[in-house]
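> Starting from the known structure of chain A, fit chains B, C, D, E and F onto it as the hints suggest.
Next come the chains, spelled out residue by residue.
6 protein chains.
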Amino acid sequence: MFPLDTIGRVALVTALAEEEERKSLALKARTNGYTVCLGRVGSMDSEKVVAAIETAAVREGLTRPEYPEEHALYHAIIEALHGVTRGQMVLSGIHRTVGLRFSVVRGPRSVSVPSHGEWVAVGLYGTIGAPLKGNEHEVVGLGMSHL
Amino acid sequence: MFPLDTIGRVALVTALAEEEERKSLALKARTNGYTVCLGRVGSMDSEKVVAAIETAAVREGLTRPEYPEEHALYHAIIEALHGVTRGQMVLSGIHRTVGLRFSVVRGPRSVSVPSHGEWVAVGLYGTIGAPLKGNEHEVVGLGMSHL
Amino acid sequence: MFPLDTIGRVALVTALAEEEERKSLALKARTNGYTVCLGRVGSMDSEKVVAAIETAAVREGLTRPEYPEEHALYHAIIEALHGVTRGQMVLSGIHRTVGLRFSVVRGPRSVSVPSHGEWVAVGLYGTIGAPLKGNEHEVVGLGMSHL
Amino acid sequence: MFPLDTIGRVALVTALAEEEERKSLALKARTNGYTVCLGRVGSMDSEKVVAAIETAAVREGLTRPEYPEEHALYHAIIEALHGVTRGQMVLSGIHRTVGLRFSVVRGPRSVSVPSHGEWVAVGLYGTIGAPLKGNEHEVVGLGMSHL
Amino acid sequence: MFPLDTIGRVALVTALAEEEERKSLALKARTNGYTVCLGRVGSMDSEKVVAAIETAAVREGLTRPEYPEEHALYHAIIEALHGVTRGQMVLSGIHRTVGLRFSVVRGPRSVSVPSHGEWVAVGLYGTIGAPLKGNEHEVVGLGMSHL
Amino acid sequence: MFPLDTIGRVALVTALAEEEERKSLALKARTNGYTVCLGRVGSMDSEKVVAAIETAAVREGLTRPEYPEEHALYHAIIEALHGVTRGQMVLSGIHRTVGLRFSVVRGPRSVSVPSHGEWVAVGLYGTIGAPLKGNEHEVVGLGMSHL
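Residue numbers (my numbering), protein chains in the order written: chain A, 1 to 147; chain B, 1 to 147; chain C, 1 to 147; chain D, 1 to 147; chain E, 1 to 147; chain F, 1 to 147.
Treat the hints with caution; some may be incorrect.
Unchecked claim - Derived BS3-like pairs (lysine-lysine); straight-line CA-CA distance at most 25 Å: (1) 48/F to 48/A; (2) 48/C to 48/A; (3) 133/F to 48/A; (4) 48/B to 48/D; (5) 48/B to 133/B; (6) 48/E to 133/B; (7) 133/C to 48/C; (8) 133/F to 133/C.
Claimed, not checked - Some residues of chain B that are not near chain A, with every Cβ distance over 10 Å (derived): (9) 17; (10) 18; (11) 31; (12) 33; (13) 35; (14) 56; (15) 86; (16) 134.
In short, the hints are calculated from the structure, not lab data.
Glycine residues also receive a C-beta, built at the ideal position from the N, C-alpha and C atoms.
Chain A on its own, in the form it takes in the complex:
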């Protein structure tokens, strides 16, 4: 249904899909030249969200352990968090918590413009709300940077 041919769509689709479909979508994206790292994180502590995504990407070798790539990944994470937090990058500080699926993707900005270098994208999908089960709604975020 969704051609997995741009880095943003790969990041979003693999974050949005049901847990059991995420891996097969990631594999399909791989045939288009995208490497995908999947994970989940739930916390009232925004620092833990950032650290969980960084750690997953580094551990799976998606980004090289060099500062330029880590800088790119960090900026992609922070941009994606803007979509999730919508104005103030604070969770517990304003009494809210998130439960997110994340996806980190490496590859061309678009399959049709592969010559323009590699990029990293972070997709986030899940819920934000009060620290009370059920009092929450969906949120999404997408950030990206050149590598």
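Positioned in the frame of chain A, the structure of chains B, C, D, E and F alone reads:
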């Protein structure tokens, strides 16, 4: 692939899909109790983006012409724009432009919790970049409010 | 002196007034169709400010224990905090503390337009400053949402 | 009802009051050592709001035509606009307009602590909303700076 | 006095220096592996500030005419503007104007860590203030991105 | 190289210089009528950064222990932090840390316009990055207020 059973997923999937599939996805979501209004807007002028979405939703009768519903829609639009603009809600003012598909959805927060009232969600997907063809990358936004 | 005929004025006047007058003003507003919940909170921890207001409103039955109403109240609180924090929704993180009187009001946006549904408004008035007695000045905030 | 004995309350009360009462409240505040300048401004253009307040204060001699005082006034205006705009200091750019009464006050932070120098405060009260009569709700703002 | 051995210092020093010294400092930095592009821009229109810096860097060949490098430069400019605008990336919209010297630098993050790839940095120094000669004060900004 | 004749340049130059040169630059600035207080602070906790600067300025008698002067200093610090944090005034909350040299300066806005009152400026220079040695880059900030 994506169960159209939460308002956020309906908004995102109908914004993310290829132009020719959006309508059929919107119809499928309708069987789950969601009304969907689809559109596109491209501009360097953020005001035009807000106005295009408001106008489409009102014209198609998705929101009632009463202030509370328009207030809800407005807040959902602004929240979605946070994901697109990532920090400063300014387009031409910092020399950038957007091309977006939008989707406005009305219905339950989730098919499985229909008793919690109606909500409105706005999904945005497209590109942001310099006012120069090709110098752009994908962005996404999702905002929602109770009705 | 102040006609208590709009939800914002009711919220502000009952937050601004001297402690001993707040209750009688709240009672007067009740004759115009407004329910008012009053309280105070002082903290360096912004989370405690949000939680104190939410708890007071729920405990006094001003908002129904359903997510749409809690979502409306939450947004009204966050909007009011913008007036208090003026740019960064952080207290201890930038070495400052608040002492606030709050007021949560439920009713029509205006007595003269009662048909446009119910709204919830949050009024905040007090001081912000260094965690050192006397080094502080007044702040105010008003937020509102449709119910 | 409201003791006019702090600069913030003077600014807010003279902004909140009915048009015909504002002048007499300003005069009463004068007996407490406060100078007050009153005005109104309605615009979709945030620049006009800032300029209207600056011009009124300078024209009435409330602030001296020297940069330090104008700098203090400017910061007080911008702080007050945070309460009105709640997150993004943009009006027409996100398709909204304001109608505000403003009040600029000069005097001690509090009548009971006159030794701590002179301050300037800006109070704003009015409505924000869509550029469509009736689709608007109340907003308030208070900013202040030492002189 | 200032060892020109980190990209940030090169960007700041060549922005801060007197007009007649900027070129010789840029040449000295070149011996450390830094390419520097210098310019000036004054405007109430933030878009013109962004465009002036982008145009200068592209025209002098400091960044390659490919999107990844232009994306890096754009982010460095926006980061530097945070230091100049301090909260709201708006100039005329809140009735203020800037007069800035800018410097765009390409090279290693630090002479002592040349292996960590190339970076681009933007230094800004000048004044911000009311559109009235003399009512202004100094501002500075520094932004950077990996290439 | 840099005429120490404006408060912003004094603050920046004494923050940017090598540790062993800072004191002699501060002394030179003193002959132009500027008092300078120097220090360093490294932390993931933004509150500690604010408190370290406030404490140093008060301890060295740069600002008088009265609220108006402390209010001016506080605003100068917060403005300078905008340049360092570039969007969200949060350090550990988004998994980053700073190492900064700071400089607080008191004196005329410019040696050539001494009649316009005294000002206080805060200059910050150092690095921001992941809590991992080497994964960091330079940042700068400048804030100022009238006294």
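> For each hint, tell me whether it holds in the structure or not.
Hints, verified against the model:
no., hint, result
1, 48/F to 48/A, "holds (21 Å)"
2, 48/C to 48/A, "holds (21 Å)"
3, 133/F to 48/A, "holds (19 Å)"
4, 48/B to 48/D, "holds (21 Å)"
5, 48/B to 133/B, "holds (20 Å)"
6, 48/E to 133/B, "holds (19 Å)"
7, 133/C to 48/C, "holds (20 Å)"
8, 133/F to 133/C, "violated (39 Å)"
9, 17, "violated (6 Å)"
10, 18, "violated (7 Å)"
11, 31, "holds (17 Å)"
12, 33, "holds (16 Å)"
13, 35, "holds (17 Å)"
14, 56, "holds (20 Å)"
15, 86, "violated (4 Å)"
16, 134, "violated (8 Å)"
Checked against the numbered hints above, the structure breaks hints 8, 9, 10, 15 and 16 and satisfies the rest.
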